[in-house]
Amino acid sequence: MSGQNDHDQNIAPPPELMRLLNEMCDGNLSSEQLAELNELLVSNEASRWSYIHTVHLREGLRRWAKSQGEATASDVVDMIKRASLDTEDVPELSLDGEFRLSDDAMAAAVEASQQNLNGSRGQSIRIRMSPISSKKSRWLKVAYGAAAMLLVSSAFWLFRPSSETVQLADATPPVIEEETALSKTEFTLYESHSVVARVASLTPDVAWSRGKEPADFLMRLRPGDVIGIDKGLAKIEFSDGAFILLHAPGVLQINSGSSADLVRGKVAGRAENGNFVLSTPSATVVDIGTEFGVDVGRSGTDVTVFDGEVHVHGMLSDKGSSSVRRLKQGMSVRIDPGGLPQRLLNAADTDYSRQFFQSAGPPSVDQYYVSLLDLVSGHETAQPRIAGSIDPATGFWGRPPWIDPSTLGTQMGDTQFTQTDWNPMVDGVFIPRSNAREMQIDSDGHMVYLPANSGSTWGPIWARRRSDVDLSREISPHSRHNHWGSGTLAAVRDRLQHSHDGLMGLHANVGITFDLDAVRDSRSSKIEYLKAVVVNLNGSDQQTQPADLPLADLRVFVDGRLRYSRLEFGQYDGDAQMIVPLAEDDRFLTIVTTDAGGDPDFDHVVLIDPVLQLQPMPADILQPDGA
Amino acid sequence: MSDDQEKNEEGRKIRLTGEDFVALVLQHEHRIRGFVASLMLPSSDVDDVFQSSCLAAYKKLESFGYSEEKTPDEEFVRWVCTIARYEVLQVYRKRRNAKVVFSSELVSELADMQLRETEQILDRAEALVDCVDRLSDKQRSLITMRYREGTSVADIATFLGKSSNGIYKALERVRAQLMACIRRKLNIEGIVR
Chain B
1 MSGQNDHDQN IAPPPELMRL LNEMCDGNLS SEQLAELNEL LVSNEASRWS YIHTVHLREG
61 LRRWAKSQGE ATASDVVDMI KRASLDTEDV PELSLDGEFR LSDDAMAAAV EASQQNLNGS
121 RGQSIRIRMS PISSKKSRWL KVAYGAAAML LVSSAFWLFR PSSETVQLAD ATPPVIEEET
181 ALSKTEFTLY ESHSVVARVA SLTPDVAWSR GKEPADFLMR LRPGDVIGID KGLAKIEFSD
241 GAFILLHAPG VLQINSGSSA DLVRGKVAGR AENGNFVLST PSATVVDIGT EFGVDVGRSG
301 TDVTVFDGEV HVHGMLSDKG SSSVRRLKQG MSVRIDPGGL PQRLLNAADT DYSRQFFQSA
361 GPPSVDQYYV SLLDLVSGHE TAQPRIAGSI DPATGFWGRP PWIDPSTLGT QMGDTQFTQT
421 DWNPMVDGVF IPRSNAREMQ IDSDGHMVYL PANSGSTWGP IWARRRSDVD LSREISPHSR
481 HNHWGSGTLA AVRDRLQHSH DGLMGLHANV GITFDLDAVR DSRSSKIEYL KAVVVNLNGS
541 DQQTQPADLP LADLRVFVDG RLRYSRLEFG QYDGDAQMIV PLAEDDRFLT IVTTDAGGDP
601 DFDHVVLIDP VLQLQPMPAD ILQPDGA
Chain S
1 MSDDQEKNEE GRKIRLTGED FVALVLQHEH RIRGFVASLM LPSSDVDDVF QSSCLAAYKK
61 LESFGYSEEK TPDEEFVRWV CTIARYEVLQ VYRKRRNAKV VFSSELVSEL ADMQLRETEQ
121 ILDRAEALVD CVDRLSDKQR SLITMRYREG TSVADIATFL GKSSNGIYKA LERVRAQLMA
181 CIRRKLNIEG IVR
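Going line by line, the protein sequences match chains B and S. Under this note's numbering, think of the first position of the first sequence as 1, with each following residue one higher. Under this note's numbering, think of the first position of the second sequence as 1, with each following residue one higher.
Careful: at least some of the hints might be erroneous.
[What the hints assert, rightly or not] On the chain B side, residues computed to face chain S include the following (Cβ under 8 Å):
#, residue
1, R48
2, H53
3, V55
4, R62
5, K66
6, I579
If you're looking for bench data, these hints aren't it; they were derived computationally from the structure. Every residue gets a Cβ at the ideal spot worked out from N, C-alpha and C, and that includes glycine.
Just chain S, same shape as in the assembly (with noise of 0.2 Å):
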């Protein structure tokens, strides 16, 4: 492609507004999270890598456009995991504290391999959806104490009157479940390969 076409292809783009960057983070913000928690584990830095990727993004808005034959989704989750993943490394330089878990090199092959696969790992998160809703509703529950709340696995356990090592295996299952609910779905539909 030379370069007179590459700049009439490049002003076809279809540039987004504030509004539509701020709609589209808040619906792929779970994609944009789950990306950045790979790289550096679940942990509270993942929030502030998550903020400084978006507000990097936001300033760089213009530079990125869609091509009007498809939606802008899959694109912006790309772009924005591409901003994401050189944030995770700056924090890893500057932040000494900042808690350092994997190696370069090893963050590079993950966030690569999920920018590859960024399709796969949206009918995933689809499929998980429909597999929640197949959980009993205790299950459901617990869910909600845990993820919604970040309830302690202790105080659920008080407030259940359960053990804690009951609530840990409960959600080992709950978790095991999910997997296995969602290898059956996307095998069904033919998606994994």
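So that you can see chain B by itself, here it is in the shape it has in the complex (with noise of 0.2 Å):
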């Protein structure tokens, strides 16, 4: 073997070795190349140099990319709190890094790690943390803190089972349940310009009276707003879980998630939890948990209830609020314009069309496919409903993010999966992390890799149906309910009218992780695939050149593995159409868009008919006619 320098090491190697030297880094040595090395080095000391070299620049990429994972020292503690079983241990732990290892903890690290040497698997480890004495010396101080971050990204080597799989005493994420536990108790809305009540579904003859449709795209309505229709019927489903069929020719004004106002016309009402309260001019009408229909005319107000129990006040002109009458199913009474009970009727529920209470099953496209509309509408998927929307950050269906002018929609993810309970065909909702790091995108605790990204996004994951409503009256492209803010509605509108079932919004950056088993369990069907038409309908009314147009991109990974991809796309480069196949025993099939690297601003990523395919089904069925 040469013992002779005669290179000096900062030098760059010749170009065969640098050959070789990638082909190692790869991991594409093969037999003949890695005999080629071994004479190189055994004959060159300058050769066995700028291998030595090559091997730590490995080790030290693979450094410095672990230690990308978990970048804070609040990160060190939540994991280090998490992984202690006895947590009143933990709190003098402090940010800067400075603890140490208990005896007993090192104790079991050696053990796990011996047996682990000796092939057992799946070691319980217990970590107690405690502050390291002011005493210690400063190097160990900063060896300490180096410590603390490598803990983390380097997994526990000592406690690292063969398996890869590192299991920790109660290292399960209970606080991040508790939290998203937490949140889902907060489902009844708080502000009052939040979303109280949406329009869940409508006739398809259905006309809105002049000046009183729905200002919101997605037909949500918050307090104050007045809905009217012409012809046909409406359904309003409140946050507190009471829905109101609203008949033409009739007026109602949204007062809260558990009120309304009645101006004129009827109403069918079911509140299956009560405490609904339906306002008329001349009566009160309190839902004790059943179905009722309430008529307003000329002459008064007629209450009649088909099950369960109403309590009725008549508003008195002079003197407040009479007395309560309180009536039971198969009964109704007339209050009268001046707030006086007239007389007793007998229940006639044929006036009043109750059908969208009724579960008359799926139209017979539905047998074929289920719409990730519907899905992401709410979780009836026997009731398609005309629009829906899913708070990213929250997991909630209703919050209107753009409706503070501060903040203009813009939210900024908080890197966590939060699971959407309410609805069990969605698993959760998501705004990756800013930086390129691993993401949770399931329930399962899946986790990708997703570029770097702004870390924000505009307004919420939306779905909405089309219909055979007059939409240029629905809402003004400029007006500050306009969602996505950039003059996009025209072109949404336009696609809407032009497709099959409706579009499904996803602003960049978001996620959302549907639950293939629920959607099986629902229709007793299997899956066989994804289809839907991908587009970035980013300012498309507006005259933009495409070189300054935004761009995005779209991933579906299912449990985690990537299936399908579209990047860097925008509004100038079309649909495409996306065919993604699925197996018996896929789970979670996550939608994922991202900002392309740039700015998130604009990046309108809309999906065309997107829907789980049951069964084959003649291919026109689906195709969209637009797109």
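Could you use the hints to bring the two separately framed chains together as a complex?
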């Protein structure tokens, strides 16, 4: 072996050696190349140094890359708290990383390491951290600080079972689960300007009264909103769980998540939770958990109980409220315009349409596929809803993030995957981390790498079914309610009118995960594939040059594995058909949009007619008319 | 030095506790792993040997001490690497199915070279951190995918919508760029001989 150092270490290796070292780094070294490398290393010290430096470079990059995973001291503290069985020992842990392993932890670590070497798997480890003594020398504090970071990033080499699976006692994420559970309890909306109801569905013949159509493209309603129809039926869903079926001609004003004013016309109502309050010019009807009908006419207010019990107060013009009338199933009462009860009537529910409350089953076309629009809009897949949305930060369906002019809808991600317990078809939602790091994308804990992005998004994930309603009167493109806020709405409206089912919007950067098992269970059917047309409608009604338009990425993962991607596409890249085959054991389907490394503004990714195909059907049925 | 002097010298050395040991191993993990990898090529065996080396070192912890004039880092790395060197040879001897890539003579030579130059290797590692900072965001993302997640080149290619060959080339360019950066940096600082 040559011991002569005839090359300076600081000279780049010759190309032949460089080629072998690159193959080595990529794990592609063949037997012949290994022999070639061996020969070079034996014969030449400079080659040996080049080889050594390359191996250390690889290890250095590995270390650097792992250090990107958990970069903050608070992450370390959180990790330690989760890892420790006795969190009372932890609070003194300071954020500058000064801590030490207790003897117990060390012993456990060594024991686990030994068992690991002996082939045992799944060893649970108890780790307890305690503050470092102030008398410790400075180098140790530095070492401990570094160790604190590496404890996380190196996945506890001492505790790593040979299966690569780290099992720490009580290391499941209870904190996250608790936080999620807590946030779910806040479903009832809280701020006066928040969405408290939405138009859930419409009959095809519905005609809005002029100036009384929902201002929101997604037909969400806020306190004070007034809606009116001249023809057809509109089903209104309140955040507290009540439904109102507004008959034409009728006008309804939304007051809160559990109350409304019927200005004129008639409604059928159902409030299984009770305590829904419907006021009319002459009466207040308090639902005690029932189904009822209310009709406001020139003769006063007629109240009919179909099922359960309601309380009716007459609104006396000069004396306030009259006595309470309790009505049970089959009973009716008329309250005259002066607020006085006039006479009891026999229940005549035939005057009311209650068709939307009865589950008549899905339309025939839905026997063949499930629309993601319905999965986003709510869990009643058998009852298609006209629109729906999910806040990607909280998982709520109703919150209008752009209502506050100071934020205009921009939401920063909290790097958490948020489960949407209210909707069994949707596993959860998230806003991807801003830096290129792992992100949990489903409740099974699958982690995927997502590219660097701005870490923010705009508005909700939304779904809107096509309807025959005249959309031009629904909303002005320049309204403050124009979600996505960039004049894209005209293009959205146009594509909606030419779609088969409707559109789903995912403004970069968001992700949504569907539970395929829940869909299979609800339909007792296999799912064959996901199909949609992918398009970026960014500022489509504006005369912007292609080079100036923002780009977006869309990726589809199944159980954490990438199955489809369309990258760096903008308005002028047109439509792309997406088909993602799905196997029987595929569980979680995740769709993620990111901003392609640029600015997230105007990254208006839309899926046209997104469906889960249940069984073969003629191709023309799924083909969107205008896609 | 007489036996008594040696005993006195040994007696003045500071011993490490178990916690100190863990902290030092975690801090210098990349150096020790790099040493092990250089003796047997980067492979899955490296993890096993790294762990067994650390365990062997921990069992012998009482035999390690360092003088109070300096920090234990370099002595510690040299000490664990020396143990690792024998662990590598032991693996080669005991496990017939272990992928033997180098002769014992070459393993010893590679080990000796590194043990002689531990500080220089440390300088290069520190320079590397600065050099990575100078890479573009896309290059750093590529490194993260390849080395943090262990994502295969084929998967990265699918993920980024590029060809596998393109990803190989990109990784090559990154490594070459980093090597050049390290050389420049150490030349400027007069560290490389």
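Of the numbered hints stated previously, which ones are contradicted by the structure, given in increasing order? As far as the earlier hints go, only 6 is violated by this structure.
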